[in-house]
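> Here are the chains, one letter per residue:
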Amino acid sequence: MSPTDLLQILLFLALILALAPFLGAYMAKVFEGRVAFLAPAERAIYAACGTDASEEQSWGRYLGAVLLFNLTGFALLFTLLLTQHWLPWNPAGMTALDWDLAFNTAVSFVTNTNWQAYGGESTLSYFSQMAGLTVQNFVSAATGIAVAVAITRGIARRQARTLGNFTVDLTRGVLYILLPLSILVALALVWQGVPQNLAAYVDASTVEGAQQILAQGPAASQIAIKQLGTNGGGFFSVNSAHPYENPTPISNLIQMVAILAIPAGLALTYGHMVGDKRQGWAIFAAMGVLFLAGLAVTYWAEMQGNPLLASLPVDQAAGNMEGKETRFGVVNSVLWAVSTTAASNGSVNAMHDSFTPLGGLVLLLNIQLGEIIYGGVGAGLYGMLLFVVLAVFIAGLMVGRTPEYLGKKIEAREVKLAVLGMLSMPVGILGFGALAAVLPVALASVQDAGPHGLSEILYAYSSATGNNGSAFAGYGADTPYQNVMLGLAMILGRYAFIAAMLAIAGSLAAKKIAPPSAGSFPTHGPLFVGLLVGTILIVGGLTFFPVLALGPVAEHLAMLAGTRF
Amino acid sequence: MTAKKEALLDATLIRNASLAALAKLDPRVLIRNPVMFVTGVVAGLSTLLLGADIAQGGMQGGTENTVLIALLTLWLWLTVLFANFAEAVAEGRGKARADSLRATQRETLAKRVRDTESRAYQEVSSRALAQGDLLLVEAGDIVPADGEVVVGIASVDESAITGESAPVIRESGGDRSAVTGGTRVVSDWIVVRVTQKPGESFLDRMIGLVEGAQRQKTPNEIALTILLVGMSLIFLIVVGSLEFFAHYSGALIPVVFLVALLVTLIPTTIGGLLSAIGIAGMDRLAKANVIAKSGRAVEAAGDVDVLLLDKTGTITFGNRMADGFIPVAGISERALAEMALLASLADETAEGRSIVELARRKYALNLAAGPDAKFVPFTAQTRMSGVDLPDGWRIGRRIRKGAADAVLADALGEEAKARTPRDLAAAVEHIARSGGTPLVVSVDRKPAGVIHLKDVIKPGIRERFAELRAMGIRTIMVTGDNPLTAAAIAAEAGVDDFLAEATPEKKLELIRQEQADGRLVAMCGDGSNDAPALAQADIGVAMNDGTPAAKEAGNLIDLDSDPTKLIEVVMVGKQMLISRGALTTFSIANDVAKYFAIIPALFVGIYPQLQALNVMGLGSPGSAILSAVIFNALIIVALIPLALRGVTYAPSGAAALLRRNLAVYGLGGLVVPFVGIKAIDLLINAVGLL
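Those protein sequence lines, which keep their order, are chains A and B. Numbering-wise (the UniProt record's numbering), the first sequence opens with residue 1 and increments by one. Numbering-wise (the UniProt record's numbering), the second sequence opens with residue 1 and increments by one.
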């Protein structure tokens, strides 16, 4: 590894490590109601919604509120996309979307997936982007955070019936966390040259004399929230590889930090809210171990280059540069790719389709493990807590007590719910993916022959079920079949986890807390971190190993053997 | 009880269990164990496929392939049978113990009487008895049913149940009124009121718990079963979808191979051994002569946070012993010893005997009070005992010994406090502070000195408490002593806390308070007044010689009536939970190696490069798959002894336990199958089976 690469990686890690504790503590304050600099706005919103901010909800009512809010958001966005040609701010004269693409896009943004079956600058009006997508970018992210906070309360509370108030959590998440941070990041991006206007597209003549249309628009504001909210939906089609979306190494660093900052911070918020910071750090560390392992493998794989090209006059000293921007190089592309797949973000600054098979495998596995390596804002935390419940249940017995986590007994009900939540990943990825691998209507989307084609299918359904949103670009996803099935996968992946974890939280909240003793299962410290990581790798690995063997592993071994397809 | 070491398995047991394993193939029985049910269905399916293959004359891939399918089918069935066998063995051992208990409970003739006064009886079969019937049991009779003595006193031989050969006294009223069916009255007679419902004696309940049929799953077993079902579902999706992905990749995987993969992946090891672990746990308790009324209670025992232990009989020997004589000024030590001796000669309590013994030993006194001496027995009112000597005794005539305040009040009257000699008060205070009991001796209404009675702490108990502390369990000593005495004994015994001047109400209050803080409380008790506390505690161990009320309120009954047993119960509970967790972890970790055996075997046809994943270097795809299936079946058999015995458990803190068990069963679970599958594969290829 070159010193500059190492330096860039260390700088990035140092920034995350420095920001997370600060953000973690701040967010805990926000959700404990101890931040109030926008109190008038908060009160106005509650008044408009007819919400009594002091009234808390049971897990069932909290879940009902989440679902109702998201369903309403879906209906509005769906309608907007179908009628964008009648609405204002459409200088490029975009037409209405087909119903299936509108369905897919609406689901995608409401579920914080931001899978993009459309091309931003060629499909959507400015109004659709701003009033539709950007709004959901904020509230879908805030929904995830709110759910995570409610679940945290369930774990922390003793013999309680309620988890908090969804409207209040949602409002505070937007007002005190997402909005201020977005403004900061957007300003920084504008400083780096990202456009922020409502101007018509610019016709330009290139040096060679060709005509080119330069897309414009309110990009900086949407990019800020797309990263902070782990949404990932680019303003432009090629996302953060686009020079207007991500012009410089500095804008690149800002965006990468923005991807992981809130999810990493939330792990520590958790520690604050359960009253034991070590618990937060243990989860943070487990996420960190998986992140670093993925980063190491991907970086190594990409630096190896492609042996199939060795005989060609291609300089591979810089590693595998296919599909990567020269202004970022391998190190920043890898760092970004690992972060965006780990964090359920889905924005890209390089084409994942063109990564080496092993590099692609890590990206795929990052998503398949359940988007818990920091994960989506909120979603990463509650997804990780699901694995905590499982790890504690399986190994907890080995200390000679019935399993308990932070003094709460993990019993049949919690296990049942955790299993149901966890089933969504194999159903969405393997079940739906299997169909897409044999149905002729779906096979048309596959671009490449051989195992790479299988990886494309897998990536699409993993990305949708894991609510990531990034893609192996070769996969032609804008067909009615794929739009509908991927949309369903997104719904499954998002709400199976939310419903299961809120129900678990509701059940845990009602329990007594057994005070810790020398006999209780330790859930902090390296031993637990190792156990948690092991559980995640074994459960996730066992689920996906066979199909990964047929996809990226077969492709990698074939590549080494010089076989092409 | 003889400490005969029991063999884990014997020939009869194995024969019976093998037959039972076949009987358990009945789908209605098998469905109680979802993982094994799936395995059974899969085995059935592959049998059909085998039939189809033979019918087609081995069309799919020649005879070699047919042999492989046949072997796979055979081993799939064996997997189910091995799991059934494990359960049957555990049940068989439980049943054997239950039978030996039941033998004491065979049908006997009962002498039913109409009321407590009547001695005229009518002979009825013990099976025809109803709750509330009154029975006359005379010397030589077997007690026909569990009950409570309402009239009389008798010595009862309980060796059939407890193994203790010395007969015990059972009498009406008080805390020693319970008799158990199957025991024998050796002297005198009693009238017993039947307390059990027909078929619901403690033995019946216990037999139900160790016999599979009536066994109910405990809460943790249910939760674990749900997890295992969930994992099976996940692997069903994995394997089901794999056929599609393989089809995409241009391969057709034989269904038999897929189902073989499924069976090796689903947690058959823990699925097959789960009920055996549970039954074996109950059996281990029964071996310690503790009867659990429910499996839930044993499981909860592992979770106990607080142990409430009675001081007397548990922490200290039941009786206090005389340790020294401290005279007041003007009286010699020897004179005091003489008085104490004379006052105690007729005192048959252990304390009284210990005073006599000490006086005789230390001062070589050999006195007898003579026929004219009049002994004054202890009563609850006077709280003292003593002797009135005839004239002629040099030391005086009227000797009393007893509780300090009682004797002093008797000797000195109303102003006892003021008139108590300084040195006597100091000695009393000193003894009490050190945890002893001062008995004051007076002679002719003059205080003569103090006898120092000392609680003797059982050897080794301090170490037990240290172990419990390391396990995170807090011990609270419960005693009727005053706080001063209690504190001294608590410090000496090394308990964490104590409840002094305990009353049943205070005990109940303490339990409720601990529970409100989220702790699980265990206690043992025998008296009727313990019943509410026993019922309130999460784990209540009732002494078998306790009252029916206490036995009804507790959820475990100790046949030996040994309060120290509570600690064993906790250990057995913990060991059972650890065994379950260890085998679950082991089972899941095993899957990694199975993948490395089967996945390359399935796919080398399409992608020859995947041979690189065959890290074990298994001979051929067929032998690889077969080896994994055989390993998967044999590991169940190999772990049966572990499931029956429970994993080794040395009391220690949770972190240390977790580290050890993760290393042994987690890492072990990763490594062992690599070795095992490779060995089986070598054997298969060496024999030329395929």
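Simulated from the structure, these hints should not be mistaken for lab results. These figures come from a predicted structure and were not determined experimentally. Check before you lean on any hint, since a few could be wrong.
[Unchecked claim] To spell it out: a stretch of chain A is covered by chain B in this simulated footprint if at least three of its residues, at any positions, have a beta carbon under 8 Å from a beta carbon of chain B; those stretches are: (1) 272-285; (2) 333-339; (3) 385-399; (4) 512-523; (5) 526-538.
Glycine included, C-beta positions come from ideal geometry on N, C-alpha and C.
> Against the earlier hints, flag every one the structure doesn't satisfy and list their numbers going up.
1 and 2
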